[in-house]
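Taken in order, these protein sequences are the chains called L and R. Each residue of the first sequence is one higher than the last, beginning at 1 in my numbering. Each residue of the second sequence is one higher than the last, beginning at 1 in my numbering.
If you're looking for bench data, these hints aren't it; they were derived computationally from the structure. Computed from a prediction, not measured in an experiment: that's the story for all the values here. Every clue listed holds true.
Derived DSS-like pairs (lysine-lysine); straight-line CA-CA distance at most 30 Å: (1) R:K70 <-> L:K325; (2) L:K481 <-> R:K70; (3) L:K404 <-> R:K70; (4) L:K408 <-> L:K325.
So the derived list for chain L, only partly shown, Cβ under 8 Å to chain R, looks like this: (5) V258; (6) K334; (7) M382; (8) G387; (9) Y459; (10) S462; (11) I467; (12) K481; (13) T487; (14) L490.
No residue lacks a Cβ here, since even glycine has one placed at the ideal position from N, Cα and C.
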Amino acid sequence: MSEFWLHPALILLLGAALLPVVPARLKKAYLLVVPALAFARVLGLQDGTFGEVRFLEWTLVFGRVDGLSSVFGYIMALTCAIATLYGLHVKEDAQHAAAWTYAAGSLGAIFAGDFLTLFLFWEIMAFSSVFLVWFRRRPESLAAGFRYLLVHTAGGLCLLAGIILHCKSGGHGWAFTAFDVHHPTPAAWLVMIGFILNAAVPPLHAWLPDAYAEGTFNGSVFLSAFTTKTAVYALCRGFAGMEILVPLGVIMALYGVVYAVLENDCRRLLAYHIISQVGYMVAGVGIGTQMAINGACAHAFAHILYKGLLFMGCGAVLHMTGQSKFTELGGLYKKMPWAFLFTLIGGLSISAFPLFSGFVSKSMIVAASFEEHNLWAGFLLMLASVGTFLHTGLKVPYFIWFGKNNCKPETWERAAEPPWNMNAAMAVASALCIFIGCYTPYLYAMLPHPVDYHPYTAYHVSETLQILLFTAVGFFLLVKKLEPEPTISLDTDWLYRIGGRLFLWLAKKPVQASDAAVGEAYRTAGLQPLMAAARGIGRFDNIVIDGCVDGLAKVVAGIGARARAIQRGPMQETLALTFGAAAAIIIVFLIVSRAIAQ
Amino acid sequence: MRLLRVIQFLRDHLRAVVRLSLVALALLVLLDAVPAIVDKGHAHTAAEHIPGFWALFGFVGCVILIIASKWFGHLGIMRPEDYYDE
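The shape of chain L in the complex, shown without the other chains (with noise of 0.2 Å):
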């Protein structure tokens, strides 16, 4: 047991616990403080291992602090900061309080040294998450959250039927390290697809559109941000170099790309491109060169900024005019300008723009691969971020704020700038991006392994710029094909949504049948032969049973009848003929057993 250190999920965690009884004029200045005090704990960390806690025969490891834990733990605990400011004039302290846990499970997952705090901590993440999709309190919200919640059950389940594999056998103990990624075994393997479940990788991926669509329009900004790069984290602790992650990432990167063509939900849009950037660091995390690591690291920090962003602009436009899809706004430049600039700037750093945050980051997992001659990975990505830049960066803004206005009269009305701290939290989340864009050091100095990579070279900007102007001569030549459809796109949450439906229906129909065809089985077969059965001990019972205890009653009473004429009445002489009668026994009785002696 050490001793006592201070985690930095355990401010969040008390902080949530003590917000309902803050006083309401202090509340605003009560959720400022409470991250910054969480982002100033894990600014403060040193390296070590630190949090040894003896459980039974466990020992549980809270503080893990080393590069790879410093830089995710610097970006979610900054992420919960920003994301609290954009949501700090929502009255209901419990959407605050889900949120902070949510942000605590991802920090204690990030700084968790062994599989068991790993998984305590995962699961806080799932079950404290799905709040912020129900909190929007459509009855929408509540299905998804339920199948959110129902797909993450399952993911922990086998991440921890690998977990007790993998540490019950081999010796390995509980600690978290590498698996063997040359070698995997059925264990490495049930771990690894309880991480890339978080990851969203495809096809274990519906989960994400799904509810992070669905969440509160503060809920959505924390959901983009924690579990799916809490996951990368994960994958980059545990499965560096593990090939088959090359492929997986490039498939997440473009099927996320392919989808958000055909999206007409914004938010929905870019819970597609989350999966689509995700794969950049899934396929960094499979080439596993400390290059990639670093790209995957360096990618989750600047996507969580830009994503963030980008969910705080389309929620501030769900929360002013209460609508997402594209079908339904349009032209909003008048009425919500600053939101308009601040989404600009999220769509340019997701793009990869130079002087924009992707544009420093996404470059080093393409590099990466391009260097181990992996080269159409590295062309692939390259053709995903075509993808990105023509939705989240030109179909975005462009069928929000300008295109043909769909506005309903009341959708119109409605709209306005949003509150000062929703664009105080995007006006900081923008000026990150660019900080990050213009001053490399800033992110370079925070990764795991030592950095030779400059991204400003004539050559990455003219590229860079060549792919993503001509990209958009081709938005703008094909806009016409790009108008919204009000549709929804199927994807593998088809498989539970209908096959849940098809389990429906067999518990209603043949599950049913056939136990109302054993019941009638059981009626006829079973039923009738025991009453009859009954029946007949009934009849036994009353004539054989009955007739002998009537006759034995009968013979009794007439004993009893014939004995009481000897009783003449008085209780002496009746008292003494008996004590007489026992007298002459014992004498009998004695005499006999002495001459029996003798």
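With chain L's structure known, arrange chain R on it following the hints.
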């Protein structure tokens, strides 16, 4: 509302903005062809040495993505919004 005025100004002069952008695009490809400015020593494939290769890549990639995705969507992936309603 100065930001709104800037956006409005750009929209009012859309023709000029488009023309300027086209000039910028042309310049970009021209500069890419000058080895003194854009050093392609670190390029990994021969194709990258073609001037404007990435411009073509961006444009063709964008067109392919839009057309292929829409084709895929209309195969039966895109459904009415009440598809999952009971």
